Amino acid sequence: MSHNLDAYLVLSALLFCIGVFGFLARRNAISMLMCIELMLNAVNLAILAFGAFVPSLHGNAAVIALIVMAVAAGEATVGLAIVIAIYRNRRTPLVDEYAQMRD
Amino acid sequence: MLTIPSTIPLLGWSWNDLLFLILAGGLLGSALMVVLGRDIIRCGLWMIVCFLFLAGLYVLVGNPLVAGAQVLVYIGAISVLILFAVMLTQSKAGPARLVFHHQAWAAALAAIGLAVVLVIVDGATSWPLAQPDRSATATTDVASKLFGDFVLPFEVVSVLLLAAVIGGVFLAKKDDAPRSDSDI
Numbered sequence: 001m002s003h004n005l006d007a008y009l010v011l012s013a014l015l016f017c018i019g020v021f022g023f024l025a026r027r028n029a030i031s032m033l034m035c036i037e038l039m040l041n042a043v044n045l046a047i048l049a050f051g052a053f054v055p056s057l058h059g060n061a062a063v064i065a066l067i068v069m070a071v072a073a074g075e076a077t078v079g080l081a082i083v084i085a086i087y088r089n090r091r092t093p094l095v096d097e098y099a100q101m102r103d
Numbered sequence: 001m002l003t004i005p006s007t008i009p010l011l012g013w014s015w016n017d018l019l020f021l022i023l024a025g026g027l028l029g030s031a032l033m034v035v036l037g038r039d040i041i042r043c044g045l046w047m048i049v050c051f052l053f054l055a056g057l058y059v060l061v062g063n064p065l066v067a068g069a070q071v072l073v074y075i076g077a078i079s080v081l082i083l084f085a086v087m088l089t090q091s092k093a094g095p096a097r098l099v100f101h102h103q104a105w106a107a108a109l110a111a112i113g114l115a116v117v118l119v120i121v122d123g124a125t126s127w128p129l130a131q132p133d134r135s136a137t138a139t140t141d142v143a144s145k146l147f148g149d150f151v152l153p154f155e156v157v158s159v160l161l162l163a164a165v166i167g168g169v170f171l172a173k174k175d176d177a178p179r180s181d182s183d184i
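Chains as they are written, first to last, in the numbering used here: chain Y, 1 to 103; chain X, 1 to 184.
Treat the hints as calculated values from the structure; they're not laboratory data.
Since the structure is predicted, the reported quantities are computational estimates derived from the model, not experimental observations.
All the pointers check out, no bait thrown in.
Ranges between beta-carbon positions, derived for each pair:
#1 F84/X - R91/Y: 17 to 23 Å
#2 R91/Y - H101/X: 17 to 23 Å
#3 L45/X - E97/Y: 21 to 27 Å
Idealized CB from N, CA, C, for every residue including glycine.
Assemble the whole structure, with the sequences as input and the hints as a guide.
So this is what it looks like as structure tokens:
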């Protein structure tokens, strides 16, 4: 089982779908950011599994995963800054109360 | 002298399989706790547990360097940042009762559908596998790739991080002109 690429890919897909559900269903903007982190981690797991099982990717996968991690760190920084900037004006972290931003 | 058998007694699995099952179960369970929990602080703490299980899985696929980076970057930096943001935006009167949208069932349907599609695609695809190479990726190998083939993405990422730092400071700093209507 741990010698099977499919097991890792299915695990990664399930983690990604948990993140998708949370992103769509949660009301709190910071919860949505957490779910984005879950999705990025699921993709990283898939990349590393491919790196372990596809010989031509061996070594490249670790570099790609590290780059994804750096991008995720930047995304979390800017995302949380945006949430805090909106919170300062609207006094709520709940995204469904930001509806007037559409107007 | 106690010797560890090469496979698990009675079941015949290898120890790696048992480790994979434990890590996978813990990972999915803690991810569900992150998504379904009602208290957002506890969601953040469960997210740290989830990242720990992921670091274990990275070691299991033979990437201890990435596992270390996972612990440092995700648990040490991103989780702490998210917990800080939670504490900054949480008010006492905040709604703890309704953490999901009213259309959460549609989101659940979409996520389950996506999971089914992904699993079907994974089962239907034959990956170009040769002999699996499970040896641990050497750090020197990663370093030579990072500063050889991948030097351009490396530099782009450094510029991106600088831009993210500047953008974060700019977005989160207080406005100079005091707002009169909504400031409390």
